[in-house]
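Take the sequences, apply the hints, and build the full model.
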Amino acid sequence: MCRLCALTSSEPLSPMKAIEALDVMREGHDGSGVGLFLSDLGGPWEELEGAPILSGIFTNDGLKRLDRFMMEIGFMTKYKLSIKTPKRTPPGVPKRDVYLIRAYELPEEWDQLPPQEIRNRLLGVRLQLREMGQEKQDMIVFSFWPDCIMIKEIGDPMTVAEYLGLDRKELRARIILAQGRQNTNYAINLYACHPFFIQGMATMTNGENTAFVPIREFLSSRGFPGYVGYQSDSEVFTHILHYTQHFLGLGLEHYKHVITPLQDEVLETHPNGPFLKHIKRSCRRLIIDGPNCVIGCLPDKRLFMVQDRKKLRPGVVGGRPGLYAFSSEMCGLDAMIPDRDKSKDIQPMHLDTVIVGANRQEVRLCSQMDTLPPVL
Amino acid sequence: MLSDGHIAPSSLSLRDLPWQVHWSLEKCTLCGRCTTVCPVHAIELGVFRKRILETALGITQAPSNVFKVFYGIRQKTDPAYACIGCGMCSLVCPNDAIMPYRSEEADKLRFHINRGGQPRRRGGRRNVPGGILDRIKFIRISMLTDPALDAGRHEFELRSLLGRVLPPEENLRRLKEDGWIPPVREIYPLIIGGMSFGALSPTMWEGLQMGVAYLNEELGIPVRMCTGEGGCPPRLLRSRFLKYVILQIASGYFGWDEIIHAIPEMKEDPCAIEIKYGQGAKPGDGGLLMWYKVNKLIAAIRGVPPGVSLPSPPTHQTKYSIEEAVAKMIQSMSMAWGFRVPVYPKISGTSTALAVLNNLTRNPYAAGLAIDGEDGGTGAAYNVSMDHMGHPIASNIRDSYLTLVRLGKQNEIPLFAGGGIGKNANLAANAAALIMLGASAVQCGKYIMQATAGCLGSESDRCNVCNIGVCPKGITSQDPRLYRRLDPEKVAERLVDVFLAFDTELKKIVAPLGRSTSLPIGMSDALGIDDPAAAQRLQIAYVV
Ligand code: SF4
Ligand code: SF4
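Read top to bottom, the protein sequences are chains C and E.
Position 205 (the first sequence) corresponds to 205 in the numbering used here; numbering is contiguous.
Each position in the second sequence, counted from 1, maps to that position plus 1000 in the numbering used here.
Derived by calculation from the structure, the hints in this document are not laboratory data.
Heads up, some of the hints might be wrong.
As the list claims (entries may be wrong) - Derived Cβ-Cβ restraints for the label pairs, each shown as a range:
(1) E:Ala1541 with C:Gln347: 36 to 42 Å
(2) E:Arg1362 with C:Pro225: 21 to 27 Å
(3) C:Arg222 with E:Pro1264: 40 to 46 Å
(4) E:Gln1331 with C:Val266: 34 to 40 Å
(5) C:Glu135 with E:Ser1332: 53 to 59 Å
(6) E:Ala1541 with C:Phe247: 29 to 35 Å
Unchecked claim - From the structure, some residues in chain E lie toward chain C, with a derived Cβ separation under 8 Å:
(7) Ser1003
(8) Ile1007
(9) Ala1008
(10) His1154
(11) Leu1161
(12) Pro1167
(13) Asn1171
(14) Asn1411
(15) Gly1514
(16) Ser1518
Where a beta carbon is used, it is the ideal one built from N, C-alpha and C, also for glycine.
Have a look at this one:
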């Protein structure tokens, strides 16, 4: 089982904040791995606006192949963070050559491209690297996107964090998503490790998506190159979010209407009933099932949490203006923000979407029963 | 026959028949009920001669004979009157004195039921028990993250969609631009398959309709029933209950004059129109209503003279090619109801199903595809068609679904699977297996007849006289003496029982799989089978 926590803060925070919370929730995960997504970065990254950051794990040969490849397509390294690890790996953590976090300058020819095209090309590069790496087993690529860093490794979260020295200034971020995982359905594979990422969006899930196979079939048959992978049943949550926003132009408030639609009797009287009925029918193949709590982050730096249709998973959001935390367990939230007003904590129920905006001033709770904002 | 008598090629003994009627002299009261009820006149009053030898012990008295006569039941051996094992004789016998038994050896009758050069025709289903559907297991029990769902307590949404579902982008675009969005019905995933008014007796038909109305209006379960090819009673056409009915049009177009004329007076649109191109029980053969069953009422509804056999042509006469025919018929049917009613074809299971399906994917008006597998039932067909023609439903549905997946159109054209669902009474398990293989819903007829009206047919050739109007249960007869045996109210009650029980069983299957928010269409990771070849063919897990 996974344990999740996320932070959104006006001041950049060390990822250790989240790792410590995972450690508190340790009894709920077996410490088989950790995944981190950092965005709204602080430190040196702040000046690198628009420069895509590549995060991944490489062998020495893989790194050489990466450099050759990036050079060929015209990417220049702009900034890099070297993670120096101690000689001896702690028990349960595999030995790696290079943990890479590197920002690139876009190729000159891309200057004239429309933003949409740039986004798709960045995705293309990531997928190509992933494919190259899978072929020779020499690279694992998590993300390639401006203002996003991802770190994933097998092992106990705290041990891994100390080993990688994550408590450093360069890794401070205003948004942190962290996940400690127990390997459940599928073989241990870092591509099965949450959070999942696509074009600036990341989500992680605590639960089991029993409708995984039909959803995977739907997404894979959209003809969109990014809808691949699926080493984990939870990856589809990220891609559904991406699909609803990029292909359907829907907002975050609609996400829950896609994955866990209201029942027809309720839609009869809903202010957006007719519209939602169309969503429910045409997106029926994206309806999720099973117990799930999803925490995610959008490119506009909004953080959200949604639950499955029956609220079979816990999940809590709390904090104060300027600092909010999301957690799959109350003790995780306590570890991250002990001095908050607990009476203002929110445990979203089966109809709710919790959203904290980029200004971090309040927690917004939208219910599926509410009138929806107009679709663009 | 005398031992030195004449034997014709088709002279059979009781031993040669598939069913032997055992009768007890001791228990029989000669009430005559059995001979009256026997639908095929297989038994009659028999006068038997009996000789009793009386041999005294001493030598003074000469031995003598006594000849006696006694009365009882005699089974006929003429192939035309062979017992069909229906068991009605035992049902009516007040003393349990009579019972048909199946011969343990293959009968010899089968070589003689083509007298006059007429091959055997019958009703019923393929005479092959068993089947792959019963062997499919649900193996992906959700044990990892949570206790499984509670079938009795949690909310379940087990509905399906009938109609062309647009891809999400397209749907939203048309919504914005006020374009035509194909009609879609939300239905229960168990559809009562096409059994015509005419094939079924009026009481049976009425019972089913009442049951369907009750399920919809009182219990909120959106059950739909297809008419089969035989039109629809005029009052139903003009009633609000029409919305629960799928009207079928087939190659004989029976009843469509009446239907078309009723359109202006319809209060509700029908649920959908099914265009029958083929039927699993008798692929390549049209419908057949034999003259015995064409009484005045049936004739009026179908728009034909009474007392004539009504064979539908094997093909739609207007058909030049399937592409053209399907396209034209779908379009004209859609047009007839102002594009407000989903129209879909039904074909028999076939290795060419994918060609039809591919064609439908390019037809924006096609609202689905129903495929009827080889185990489907029928009111009348040639035995050879029933037993030897057709394609199993499981692989047909699976291939069709996977083709749609490749095209990215899975569930946009819903697939309806029929033929052999619940053949061995495992209705919910078979339905769930087909749904997880890719069907959006299943169609079922025989189980409904067996469960709601006590049909006696089986996969081992019991009864099966649905074609000649002598149905001993009054299900498929137009003879009032027979169909009055069936109380429509009771049929309706049983139909409600069937659906409620099915619903609980379906929940008992999907809940442990962790599914409740939507029907698990195509959830093939939940399926396993103990046969490696079948597993590979269906692309599901092989488990032993
Ligand atoms: S079993 Fe049916 S067909 Fe056979 S003798 Fe009895 S009533 Fe007649
Ligand atoms: S009981 Fe009636 S419907 Fe059933 S097999 Fe016999 S004749 Fe056919």
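Here is what the structure says about each hint:
no.: 1; hint: E:Ala1541 with C:Gln347: 36 to 42 Å; verdict: 38 Å, holds
no.: 2; hint: E:Arg1362 with C:Pro225: 21 to 27 Å; verdict: 25 Å, holds
no.: 3; hint: C:Arg222 with E:Pro1264: 40 to 46 Å; verdict: 44 Å, holds
no.: 4; hint: E:Gln1331 with C:Val266: 34 to 40 Å; verdict: 36 Å, holds
no.: 5; hint: C:Glu135 with E:Ser1332: 53 to 59 Å; verdict: 54 Å, holds
no.: 6; hint: E:Ala1541 with C:Phe247: 29 to 35 Å; verdict: 32 Å, holds
no.: 7; hint: Ser1003; verdict: 71 Å, violated
no.: 8; hint: Ile1007; verdict: 65 Å, violated
no.: 9; hint: Ala1008; verdict: 62 Å, violated
no.: 10; hint: His1154; verdict: 6 Å, holds
no.: 11; hint: Leu1161; verdict: 6 Å, holds
no.: 12; hint: Pro1167; verdict: 7 Å, holds
no.: 13; hint: Asn1171; verdict: 4 Å, holds
no.: 14; hint: Asn1411; verdict: 6 Å, holds
no.: 15; hint: Gly1514; verdict: 3 Å, holds
no.: 16; hint: Ser1518; verdict: 4 Å, holds
Violated hints, in rising order: 7, 8 and 9; the structure is consistent with all others.
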